[in-house]
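Engineer: Sequence:
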Amino acid sequence: MFGNFFRYGCISFLFVAFLVCLPIKADQEPAFELPRTQVVEIQDSSTKRVYELHIQLPHNYSDEKKYSVVYMTDSPYTFPITTGAARYPVNFKRMENVMFVGISWQKGHTPSLSRQRDYTPTPSSPGFKDPSGEAARHLAFIRDDVIPYIEQRVSTDAENRTYIGNSFGGLFGMYIFLTAPDIFKNYILGSPSVWWDNKYILTLESKTKIHQNIEANLFISVGADEIPAKDSPKNDMVGDAKEFYTRLENRNLKKLNVEFRVIENATHATAFPTTAVQGLWWLFNTDTGLAVKKQHQISPTST
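For what it's worth, my numbering labels the leading residue of the sequence shown as 632, then goes sequentially.
Some hints here could point you the wrong way.
What follows is a list of derived Cβ distance ranges for each label pair [what the hints assert, rightly or not]:
{"#": "1", "residue 1": "Lys738", "residue 2": "Asn844", "range": "32 to 42 Å"}
{"#": "2", "residue 1": "Ser837", "residue 2": "Glu664", "range": "20 to 30 Å"}
{"#": "3", "residue 1": "Lys724", "residue 2": "Glu695", "range": "17 to 27 Å"}
{"#": "4", "residue 1": "Asn691", "residue 2": "Asp918", "range": "34 to 44 Å"}
{"#": "5", "residue 1": "Asp761", "residue 2": "Leu835", "range": "19 to 29 Å"}
{"#": "6", "residue 1": "Lys924", "residue 2": "Lys760", "range": "24 to 34 Å"}
{"#": "7", "residue 1": "Gln783", "residue 2": "Gly739", "range": "20 to 30 Å"}
{"#": "8", "residue 1": "Leu921", "residue 2": "Arg768", "range": "40 to 50 Å"}
{"#": "9", "residue 1": "Phe723", "residue 2": "Ser755", "range": "17 to 27 Å"}
Here are the simulated DSS-like pairs of lysine-lysine, each with C-alpha atoms no more than 25 Å apart in a straight line [unchecked claim]:
{"#": "10", "residue 1": "Lys924", "residue 2": "Lys865"}
{"#": "11", "residue 1": "Lys885", "residue 2": "Lys840"}
{"#": "12", "residue 1": "Lys738", "residue 2": "Lys679"}
{"#": "13", "residue 1": "Lys838", "residue 2": "Lys760"}
{"#": "14", "residue 1": "Lys873", "residue 2": "Lys838"}
{"#": "15", "residue 1": "Lys738", "residue 2": "Lys760"}
{"#": "16", "residue 1": "Lys738", "residue 2": "Lys724"}
{"#": "17", "residue 1": "Lys924", "residue 2": "Lys724"}
{"#": "18", "residue 1": "Lys696", "residue 2": "Lys873"}
{"#": "19", "residue 1": "Lys840", "residue 2": "Lys873"}
{"#": "20", "residue 1": "Lys679", "residue 2": "Lys760"}
{"#": "21", "residue 1": "Lys697", "residue 2": "Lys865"}
{"#": "22", "residue 1": "Lys738", "residue 2": "Lys697"}
{"#": "23", "residue 1": "Lys697", "residue 2": "Lys679"}
{"#": "24", "residue 1": "Lys924", "residue 2": "Lys760"}
{"#": "25", "residue 1": "Lys840", "residue 2": "Lys865"}
{"#": "26", "residue 1": "Lys840", "residue 2": "Lys830"}
{"#": "27", "residue 1": "Lys697", "residue 2": "Lys886"}
{"#": "28", "residue 1": "Lys886", "residue 2": "Lys924"}
{"#": "29", "residue 1": "Lys830", "residue 2": "Lys865"}
{"#": "30", "residue 1": "Lys760", "residue 2": "Lys830"}
{"#": "31", "residue 1": "Lys838", "residue 2": "Lys885"}
{"#": "32", "residue 1": "Lys724", "residue 2": "Lys679"}
{"#": "33", "residue 1": "Lys696", "residue 2": "Lys724"}
Simulated from the structure, these hints should not be mistaken for lab results. Only a predicted model underlies this, so the values are computations on that prediction, with no experimental measurement involved. Idealized CB from N, CA, C, for every residue including glycine.
Whole structure, please, built from the sequences with the hints as guidance.
Structural biologist: Structural data, given as structure tokens:
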């Protein structure tokens, strides 16, 4: 018995060792690619900064239909998670067949430098060496360059755009909603950095007049283990996000839908995938999704 065990065990070990020793050469094997996805460079017409757009067309795209477009920041991280989360329910016609557009960080700069500069609304916070406070400029880039680039090339529903952002990107989404609510109708905001600049975004909210007839859907979520954040112990991520949610709810605007969820057993580093899955479902599931327009036909899909 033990003889067979050692004999077959040695064979298995040698086979695994053989596989481990096989050389993997990037220039000989095809890279993994996301389906229907293109990468293009785009220049900010104002700052001349260059970014990448990651663009995934809907299944069975047709110019005869108008598609909802989901835009997101931090694309190298958020894009594969978000598109992956949508693939299965879209294939089974349980979720609207949407288009995804990811906006990368500035080319030639580190992610931390680019995102802190582009997504924060004010220059602030002692201890942060990188530039900050250019959210207005980055929003202008999205409004004036990114969205026109997409809408001039594919058939989209300009009245049903969605924004997804996480951490600083979530803060950026709050800023967009308060300062330019006509750009996006739907928002998925994960673990927003409400703490930035002594909770400036809450001050901005208190000073902002939101039109009584605004139509918008906001999904806000945060990890339960961000109370306070284990990787940022001075910041009550859950309490701050809930405060923003509560303020919007207390406005009692009939066409403003706000959802707040706490993701159990999730930290700031792990909450976003669940945020993406649940947020997309809340907005785009074909039964009760708040962003689904019934006249949009859900076409048969494959892969």
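Engineer: Checking against the hints above, which ones are violated?
Structural biologist: As far as the earlier hints go, 2, 4, 6, 8, 9, 10, 13, 16, 18, 21, 22, 23, 24, 25 and 32 are violated by this structure, in ascending order.
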